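For this one, chain A is given, so just place chain B on it according to the hints.
Number of protein chains: 2
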Amino acid sequence: MRIVKLTETEKAGILENLLKRSPNQYGKFEATVNEILENVKKNKDKALFEYTKKFDGVDITTKTFRVTKEEIKEAYTKVDEHLIEVIRKAIVNIKAYHEKQVRYSWFDSKPDGTLLGQKITALERVGVYVPGGKAVYPSSVLMNIIPAKVAGVDRIVMTTPPGKDGKVYPITLVAANEAGVDEVYKVGGAQAIGALAYGTESIKKVDKIVGPGNIFVALAKKAVYGHVSIDSIAGPSEILVLADETANPRYVAADLLSQAEHDEMASAILVTTSEELAKKVSDEVDGFVKVLSRSEIIQKSLDAYGYILVAKDMEEAIDTANEIASEHLEIVTKNPFDTMTRIRNAGAIFLGEYSSEPLGDYFAGPNHVLPTNGTAKFFSPLSVDDFIKKSSIISYSREALELIHQDIEDFATAEKLTAHANSIAVRFEK
Amino acid sequence: MRIVKLTETEKAGILENLLKRSPNQYGKFEATVNEILENVKKNKDKALFEYTKKFDGVDITTKTFRVTKEEIKEAYTKVDEHLIEVIRKAIVNIKAYHEKQVRYSWFDSKPDGTLLGQKITALERVGVYVPGGKAVYPSSVLMNIIPAKVAGVDRIVMTTPPGKDGKVYPITLVAANEAGVDEVYKVGGAQAIGALAYGTESIKKVDKIVGPGNIFVALAKKAVYGHVSIDSIAGPSEILVLADETANPRYVAADLLSQAEHDEMASAILVTTSEELAKKVSDEVDGFVKVLSRSEIIQKSLDAYGYILVAKDMEEAIDTANEIASEHLEIVTKNPFDTMTRIRNAGAIFLGEYSSEPLGDYFAGPNHVLPTNGTAKFFSPLSVDDFIKKSSIISYSREALELIHQDIEDFATAEKLTAHANSIAVRFEK
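Residue numbers (full-length UniProt numbering), protein chains in the order written: chain A, 1 to 430; chain B, 1 to 430.
No lab work stands behind these hints, which were simulated from the structure alone. Fair warning: this is a prediction, and the values are worked out from it, not measured in the lab. This list has only true hints and no planted wrong ones.
In this list, chains with the same sequence are indistinguishable; a pair is considered to hold if it fits within one copy or across any two.
The calculated lysine-lysine pairs, modelled on DSS-like cross-linking and capped at a C-alpha distance of 30 Å, are:
(1) Lys20 - Lys222
(2) Lys44 - Lys11
(3) Lys11 - Lys300
(4) Lys205 - Lys28
(5) Lys28 - Lys44
(6) Lys11 - Lys204
(7) Lys20 - Lys42
(8) Lys28 - Lys300
(9) Lys280 - Lys430
(10) Lys20 - Lys44
(11) Lys42 - Lys222
(12) Lys222 - Lys28
(13) Lys63 - Lys164
(14) Lys164 - Lys416
(15) Lys53 - Lys205
(16) Lys205 - Lys69
One chain only, chain A, in its complex shape:
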C-alpha cells in the first residue's frame, strides 16, 4: 500500500479523489429509469412481470409473485442449520441495540391549561429492497428489517429479484423470515421501487423504501423521493483506521482489507502518527493480499482509494479523520475513548484492538447501514428513527390563549396575514 506523508496539498488531493466515488454521478441512466417507473405506475403488475421476464429471465404470474409460506418452509431445508443459529444470535443483538433507540411520545403541561407535546407514530408500511445477483447478504436483510420491526411498522414488504429457477435465494428468505418480514415479492430493479412507491394490484404502496441496490435501484429511489421517503443512497464502503504506535500492524492490515474486498470502489485508509507502523502495515497488507480469495478486487481498490497517511501528530491525524468522515472508523490508540471524544464525523466508531470492523457488520448490534462518502458529516446510521415520524401536539385553554392573543395578532399583522390575526381575534370578539 502507498505511504503518504500528510500535507495540506496531499489531503486536498485525497479528499477530491475519494469524492469521485460519490453515487451522485448516474445521470445517463435517468431516462431509462424514469421510463420504467412510468410504465409501472400505469400498467402495474403487468409491467412488473414483463420486466422480470426481460431482466431476470423468469415468467412470474399473479399466482407465483408473492412468496408463499411453503416456499419459506422449503428455504429452511436448504440452509445450513448452524448458520440459522448464527443468524438468530445476531438478531438478538441487533434487536437489543435498536430497542435502546426507541423514543416515546411526550407532553408537557402547565396549570393554565396549556399542553405541548410530540407524538411518535411508526410508519404504516415499509418496503425493503434486497438485491439479487451473485452476492447474497443476509446480514443486510437483518439490518434493514429489524429497525423497522422495532419501531412498530405495521407491514414490512420485501422485494427481491427471483433467480433463474423463479425462487428467492433460500438464505435471503430465512433471514427475512427470522427478522419478521410480512410480505415478500419476486421483483427487482427500478420496477420493484416503482411498485413499492406507486402500488400495483398485488403490492400496496408503502411510506418508505430502504435497502441497497444497483444504480438503477438507486436512481429509482431518488426519483420517487418525496412521493415516499427513502433511506440515503449508499456509496462504496469505506474504512479509516486511526492508529498510533501501540497498534498491532497485523490487525490493522486485516481490517483495512475487510473493506477493500467489498468492491473496486471501496476505500481503506490508515492515518497514523507512527512511521514504523505505516511500514509494518504496508508489509502485512502485501502478505494478506497474496492469500485472500478476493485479492483482485482488493488490489484494485487499494491502488485507487487506499492510503497509509503519516501525520505529524495526533491532532493532525484526528483532523484528517474528521475531514474524511469515514463510514467506519477504527480507533487503535493508547486511549481510544479519549480519542473518540475528539471525533466529530464517522458512521460507526470501533474502539480498541478487539473491535474489528466486521464485528459491526454482523453481530454486535448497531446497524451496518451507514453514511458513506463524507456524508457522515450530516447523515446517520439507519435506525429506529428512520421508521417513525413525529407530530407536534398543541392544546391551549381559553385562559391561556387570552393572555397572549394580542401578541399573536400583532405578529400576524406585521406579516400582513390578516386572516391569521382574524382567527385569533374572533375568539375574543365581544
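Just chain B, lined up with the frame of chain A:
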C-alpha cells in the same frame, strides 16, 4: 365553500386533486438551476455578485456582501419596539419547546468488557435560506434558526436576497439576530444554495441547508442533496379541521381561512360528522371572505382546494384525515384527546376550540416548518433532530470477542467475504 358528502369515489378524487399541488413538478427549470449551480461552483463570489446584479438589481462587492454589526444595529432602529418584544416572547417559547427535543449520547456496557453506544454530534455549519420579495416572514427565520441553535450547531449562516437599496429587510435581520444567527450574506435564489453547498471565497461550505424558497431555490436544494443535507421541500400550506356538532362554526371558518390566505395553491378542508355545522361554516366563510384583505387569494384557493366534507360517522372522518395527512390538523370534537389517539398522520395537531392554527405559526413553541402534501405519512416537523447526526460506538474486549469470533467468521464465510472472516481470525491465530 362547497359541501361534499364523503364517498369513496369523492375521496379518491379529492386526494388526486390535492396531489396536483406537489412540489415535485418543476422539471422545466432544472437546466437553468443546474447552470447557476455550476457557475457558482466554478466562479464562486464572482458568480454570486453577477447574479445579484442580474436578478436583484443590486451591485454587491466583497466588502458589502456580509451584513455588518452596524447594519444589524441600524435594523433595530427601523423595527417597531413592541414587535421586537413579541419576537422575544416567541423565542422564549420556541426555545423551551425545542430544548425538550434534545437527545443525549448513550452507552450500555456489560461486565465482559463490551460497550455499545450512540454518539450525538451537532452539525458544524448550517445554512438558513430566507426568501426576499414582498412577503416578509420573521417567524420563519425564528423557526429555522432556533432548532439549529438548540442542537448546538457551531455556525448558523443565513443568506437572503438584498432589496433594491442593497440592504436586508430590517425585521428579517432583527429576527435572525435575536434567534442567534452567526453570519448573514446578501444573496438569494439558486445561487445562494450553490454558495452554501459548495462554498465560495466569502461563504464556507455548510453541512445542511434549510428554509423555504421559490421553485429555483427548491430545485437547487434538490440538486445539491447528497452533497449536503437539506430539509424537505415544502409544498403549499394546508389545514384540515376535524369537527363534530360541538364545534363553533365561526372559529372553524376563521381557522380555515387562515391557511387559505397563504397562496392560491393552499388547501383548507373541514371534515365533519355534522351537516348543520357544514352549512354554518360555509356561511361564516362567505361572511369573512368579504371583509378580509387577502380575499382574492382566499377565494381562488377555496375554489381549487377547499372542501367541506360530511362524513357518516367519526370513524370515517378520522380515516379521511389520516389519508389526507394534513400539514395542520385541528381537532374540535367533544373529546379531542380521545380523537387524537386515533390520528396517525398529521404535521401538527391542534386540540380543542382555543388551539387555533396561527397559535402554532408564531407563538406556542412547536415548529411551523411541517410536512405538506400528504408527506406527514413519513416526514416530521423540523426539529432539533434535523441538526444533529449520530455515530454508533462499538467497543469489545478480547474476552468478549473470543466468545463469538467463530460465529462472525462463519457468517462472513457464508457471505463469501473471506477478508472479513480473516480480520476476526487473525486476532485469535496461534
